[in-house]
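Trainee: Protein chains in written order, with my numbering: chain A, 1 to 339; chain B, 1 to 339; chain C, 1 to 339; chain D, 1 to 339.
Worth flagging that the hints you see were computed from the coordinates, not collected in a lab.
Among the hints, a few may not be true.
To be verified - Distance ranges between label pairs, derived from CB positions:
#1 304(B) / 24(A): 20 to 30 Å
#2 296(B) / 114(D): 27 to 37 Å
#3 114(D) / 221(A): 47 to 57 Å
#4 325(D) / 38(C): 29 to 39 Å
#5 185(C) / 218(D): 44 to 54 Å
#6 304(B) / 221(A): 19 to 29 Å
The structure presented is a predicted model; accordingly, all values stated were derived computationally and were not measured.
We put the CB at the ideal spot given by N, CA and C, even for glycine.
Number of protein chains: 4
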Amino acid sequence: MHKFRNDYCEVAHEAVLAALLENKEQQFVGYGLDEHSLNASKMIKDMFNCPNADVHFLVGGTQTNLTFISYVLKDYEATVAVKTGHINVHETGAVEATGHKIYTVDGRDGKISVDDIEKVIKYHSDEHMVKPKLVYISNSTEIGTIYSKSEIEAIYNYCKDNGLYLFVDGARLACALMSDDNDLTSQDLAKNCDAFYLGGTKNGLMFGEALVITNKDLQADFRYQIKNKGAMLAKGFISGIQFEAILKDNLYFKIAKNANNMAKLLYEKLVSLKLDVDPVYTNQLFVKVNNSLANKIIEAFGCELWSKQGGYSVVRFVTSFNTKIEDIDEVYNYLKHIK
Amino acid sequence: MHKFRNDYCEVAHEAVLAALLENKEQQFVGYGLDEHSLNASKMIKDMFNCPNADVHFLVGGTQTNLTFISYVLKDYEATVAVKTGHINVHETGAVEATGHKIYTVDGRDGKISVDDIEKVIKYHSDEHMVKPKLVYISNSTEIGTIYSKSEIEAIYNYCKDNGLYLFVDGARLACALMSDDNDLTSQDLAKNCDAFYLGGTKNGLMFGEALVITNKDLQADFRYQIKNKGAMLAKGFISGIQFEAILKDNLYFKIAKNANNMAKLLYEKLVSLKLDVDPVYTNQLFVKVNNSLANKIIEAFGCELWSKQGGYSVVRFVTSFNTKIEDIDEVYNYLKHIK
Amino acid sequence: MHKFRNDYCEVAHEAVLAALLENKEQQFVGYGLDEHSLNASKMIKDMFNCPNADVHFLVGGTQTNLTFISYVLKDYEATVAVKTGHINVHETGAVEATGHKIYTVDGRDGKISVDDIEKVIKYHSDEHMVKPKLVYISNSTEIGTIYSKSEIEAIYNYCKDNGLYLFVDGARLACALMSDDNDLTSQDLAKNCDAFYLGGTKNGLMFGEALVITNKDLQADFRYQIKNKGAMLAKGFISGIQFEAILKDNLYFKIAKNANNMAKLLYEKLVSLKLDVDPVYTNQLFVKVNNSLANKIIEAFGCELWSKQGGYSVVRFVTSFNTKIEDIDEVYNYLKHIK
Amino acid sequence: MHKFRNDYCEVAHEAVLAALLENKEQQFVGYGLDEHSLNASKMIKDMFNCPNADVHFLVGGTQTNLTFISYVLKDYEATVAVKTGHINVHETGAVEATGHKIYTVDGRDGKISVDDIEKVIKYHSDEHMVKPKLVYISNSTEIGTIYSKSEIEAIYNYCKDNGLYLFVDGARLACALMSDDNDLTSQDLAKNCDAFYLGGTKNGLMFGEALVITNKDLQADFRYQIKNKGAMLAKGFISGIQFEAILKDNLYFKIAKNANNMAKLLYEKLVSLKLDVDPVYTNQLFVKVNNSLANKIIEAFGCELWSKQGGYSVVRFVTSFNTKIEDIDEVYNYLKHIK
């Protein structure tokens with residue numbers, strides 16, 4: 001049966017593998033200076049309408065976050081994030097290991113607001129406390145919600161007015177931008193932050209995240225920083241070839257749309273079974289079931305146990321570029337039968 | 001024309017690509033806990049006869065070096081290396097960025113000796129100086145030389161007697177072990193150090209280095225360290241699949257042997273042309289020519305300019321799994337003609 | 001008028017200055033290896049009945065915290081502390097700057113409980129999250145409360161059972177141990193943690209904190225760590241002379257008792273004026289007054305504004321070795337008059 | 001007998017102690033914001049004619065070096081220093097612990113030249129190597145030599161032309177500026193570097209170094225950096241009082257002159273005894289004697305053994321504010337007798 005554990009459990013989208021095969025007889029210069037990397041970079045800058053941005057291809061999300069954040073901050077400067085932020089919970093202290101505090105706020109629906117940030121700024125009054133300098137948000141968030149255009153604009157305006165940088169973790173950016181509930185365009189995003197990244201690992205690539213630095217002040221010598229963090233891929237052209245393949249003909253967004261659609265379909269099926277499902281915005285779906293049913297679902301579909309309270313568990317389904325209608329039907333039939 | 005710039009300018013050996021394609025319909029658990037990673041790990045432990053070792057797959061060499069070294073050392077402890085060591089020259093301060101000094105010695109032929117290490121130990125006498133704790137060597141070295149069995153044994157014995165760890169950077173380990181001049185077996189190596197890594201990037205993989213920690217005292221919680229450095233690959237199975245493919249039927253060593261053979265053949269051809277070539281042990285060849293010829297070679301074969309003194313330049317040729325006799329002939333004919 | 005801003009606003013207790021003068025004709029070896037430092041160290045080990053402990057004299061509290069915590073933890077390991085903990089709020093990210101996350105809990109009355117710690121341990125389940133390894137508590141706490149013997153014993157037992165270390169920040173330890181509400185002896189403390197420090201800066205010295213490492217596993221090479229963090233005082237004998245002077249004839253505790261008594265007296269006086277004062281355990285007193293009165297108190301007595309809510313402010317009074325009954329009377333008369 | 005081990009083996013100059021006693025009844029604000037610190041800061045800016053500089057009082061030399069260097073450099077940037085530089089040899093990896101490589105050159109007479117720096121700059125060509133960004137020199141150097149005005153000007157001009165910063169470790173700056181061989185004025189120094197510090201520990205204070213940042217670009221938020229490194233003294237006024245006392249009436253330079261004079265006198269005496277003494281520029285004197293005599297000198301005068309080769313040892317004498325003619329006579333008589 002199809003597993004819904006996450007969106008990075010398959011080798012890669014076939015277009016990606018095909019592109020690698022096409023290039024197997026070639027020799028390339030290393031470290032991302034090859035034509036494929038340059039072309040993929042240009043495609044991204046066109047797509048996001050940010051011709052003056054710098055694009056760097058890194059291998060994974062934690063690596064991208066730690067490399068960029070440590071580049072931006074001075075020793076005493078801190079990142080502001082929601083408690084559920086990936087850098088705070090699931091990166092094993094990677095950002096702190098580069099020397100920087102993550103100051104967390106509770107937020108709401110996995111998102112930070114201008115009010116949250118303002119409270120942090122007001123609280124940090126002098127040199128006996130860290131200096132908040134960079135706001136980290138994820139879009140889509142770690143729980144599948146998305147930021148609206150007005151929310152991101154408000155945050156970025158506040159940041160600019162207060163000497164803060166805004167960095168958007170886009171591990172699942174494609175799903176966010178393809179959400180039926182989304183009103184933020186690619187261009188809006190690029191205009192409303194200092195840097196963001198387009199996730200590849202969770203959207204069809206073998207690996208790879210494209211960091212886009214739009215703020216000119218944060219671009220100088222960034223390749224040194226990448227190497228300093230052990231993040232510069234010798235065969236950088238493999239990142240370039242992959243991104244080129246996935247960006248071509250808008251495939252990057254089409255497959256994200258498929259993931260979203262499958263999650264929405266699953267949502268409708270589960271609701272029809274009277275299950276207690278959270279609203280679905282992107283490709284993550286959270287359903288609350290009794291512990292016994294949770295265990296069965298986890299076994300059958302490889303889902304992750306998200307949380308547990310009393311007799312109930314929240315179980316997460318993640319759809320991907322490779323999830324098909326039949327896979328959803330399988331879940332439906334299984335649950336219909338078992339309930 | 002075939003380029004001799006380095007051994008990581010092609011996508012991958014065809015066996016590696018074939019293995020990825022074979023697995024494209026599968027779903028795997030992430031982070032290196034899949035069956036392919038486990039199997040590749042077992043193959044390595046068998047090959048090096050170190051059943052109690054821990055094997056971890058990382059993406060690149062700098063990453064492997066910084067992740068392991070920072071795991072081993074306390075804040076005030078230092079690494080000892082030769083001046084030409086990769087961590088000292090070509091990693092943009094990655095080890096220092098994790099907080100540790102690299103104390104360098106001149107060495108000879110790119111190699112460190114027991115005498116070198118002993119001088120360092122004697123010089124560092126008290127808590128006002130760093131405490132040398134880990135000896136870093138590369139085999140083959142950055143200039144293509146190799147350590148003999150007796151050299152490595154002597155170094156490791158000295159290390160054990162003096163509370164030091166020995167770590168072997170094996171970015172080009174396969175070429176070292178396949179050298180005609182080599183008398184060190186895989187098993188000898190594993191027995192005579194605390195950890196080493198088998199390079200994949202420079203020997204046929206798209207990416208990947210297999211870190212083998214043989215010292216039980218250095219194994220606990222190492223997966224935390226990997227994640228902490230942003231070095232844990234989400235789709236770890238892609239490393240596993242690649243290593244499995246390259247280790248199968250001894251392919252890993254066969255292709256290294258090819259690289260060595262091609263370098264030796266090139267050596268003979270260049271000598272026959274009365275060129276001033278350094279002795280060749282593995283897959284790197286250094287030839288000293290006048291600056292004008294150097295420029296032509298660099299343009300024609302993509303070689304790296306290694307150093308320059310007065311009117312002469314040293315140019316480096318690197319052979320790989322993919323270098324063929326015809327490619328060597330091409331160099332020969334070119335040089336024969338041009339001289 | 002006497003200022004109640006903090007307990008480190010005067011040069012030093014006269015006994016400390018006298019001891020420095022007595023030694024002004026002498027020459028000493030540096031870096032804390034002199035006879036005064038050795039003697040002060042012995043006095044501390046006797047007083048806390050921990051003959052096998054190592055004692056190190058450092059300059060300040062933040063320095064002591066960061067030097068010890070970074071010594072204990074591996075890169076991926078974290079400290080657990082209450083939100084109000086000094087390392088979390090008022091050290092400008094010093095611990096994070098050494099590479100380690102501080103995972104915070106809400107706690108109660110400025111204190112952490114076994115339940116708090118247990119929740120943290122259970123939440124951190126695998127290598128994608130930091131590994132909590134050291135529990136940091138302050139006694140007295142940042143808000144003047146103290147830990148009972150049973151509380152500290154319970155915490156330390158839990159720590160030992162779960163592979164955690166317990167570190168006690170004793171910037172105001174003397175006041176804690178001299179509290180009327182205290183049931184923890186010096187010996188109890190030393191037996192129920194892995195390390196603690198005796199604050200000197202806030203109890204009569206010009207500067208200086210005595211770090212006492214009772215756990216043998218955390219002692220090796222600690223002097224290297226001190227130097228590595230820039231924390232080794234060249235004229236270490238000045239720390240030794242000061243501690244010797246303040247420990248002699250139990251002066252260290254006598255002056256802390258004075259500070260506590262003065263705070264208690266102030267409490268009674270303020271209560272008699274019907275002011276809203278928090279219970280007082282040590283030498284810090286928090287009183288809630290309207291904003292207008294708060295401003296007057298701050299101006300007259302140099303108090304710190306602790307927090308502000310609506311029309312009310314919480315103002316902090318700190319008493320010290322040098323606070324006298326007349327100083328308290330002065331506050332009383334001022335407030336009696338002004339109200 | 002007077003010991004010549006170093007220049008920091010006595011409590012402090014009597015003027016310093018007197019100043020502390022004078023202020024013992026006062027209460028001050030903390031963290032260096034008191035009137036004495038402000039006044040001492042002003043005195044320094046006047047003396048060095050750098051009204052726009054920022055002055056910060058830190059406790060020790062290693063602390064000052066690591067705090068400033070880590071403030072200036074980005075992760076991938078390195079310091080350039082001579083091999084004998086204090087940060088390279090005797091700070092237990094403190095600078096590397098903040099994440100930065102120290103790239104060393106051999107230099108001559110303990111000093112770096114423009115040629116040395118230029119070679120480093122040319123060698124570091126791309127992002128696979130660290131980026132040299134700050135030149136660290138000591139004046140006087142670790143072996144007692146001094147930089148001439150033209151040497152420092154040349155270095156600073158080269159630095160400015162090549163985007164490098166120049167930082168002068170002035171642990172023994174007073175002795176350098178008071179050398180008979182010196183042609184560099186205080187004002188020359190301040191104009192020809194980005195930052196320097198005036199050493200107090202080695203010139204009459206209990207502790208304390210005054211960091212003077214003349215480059216406006218390196219001043220913002222530096223107090224955050226101090227706190228972040230655990231280097232902010234709670235009772236900052238004790239630094240201020242000390243510096244005020246030692247700077248008054250030029251005492252700071254007068255006592256350095258005494259140290260220099262005593263070293264010169266000792267030099268003449270030793271030469272008259274036909275001993276093999278290095279030229280003396282400041283307050284350090286190195287004499288080469290046979291091992292047996294070296295041991296006797298070390299025992300009698302507490303000198304440090306500097307190096308050992310074959311049957312000979314180099315022994316170091318250090319004079320200080322407190323060395324008197326009688327102390328030199330004592331050495332002379334002892335050696336005259338023993339030879």
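Trainee: It remains to establish, for every hint, whether it holds in the given structure.
Mentor: Comparing the hints with the structure gives:
no., hint, verdict
1, 304(B) / 24(A): 20 to 30 Å, "23 Å, holds"
2, 296(B) / 114(D): 27 to 37 Å, "35 Å, holds"
3, 114(D) / 221(A): 47 to 57 Å, "24 Å, violated"
4, 325(D) / 38(C): 29 to 39 Å, "33 Å, holds"
5, 185(C) / 218(D): 44 to 54 Å, "50 Å, holds"
6, 304(B) / 221(A): 19 to 29 Å, "22 Å, holds"
Going through the hint list in order, the structure does not satisfy hint 3, though it satisfies all others.
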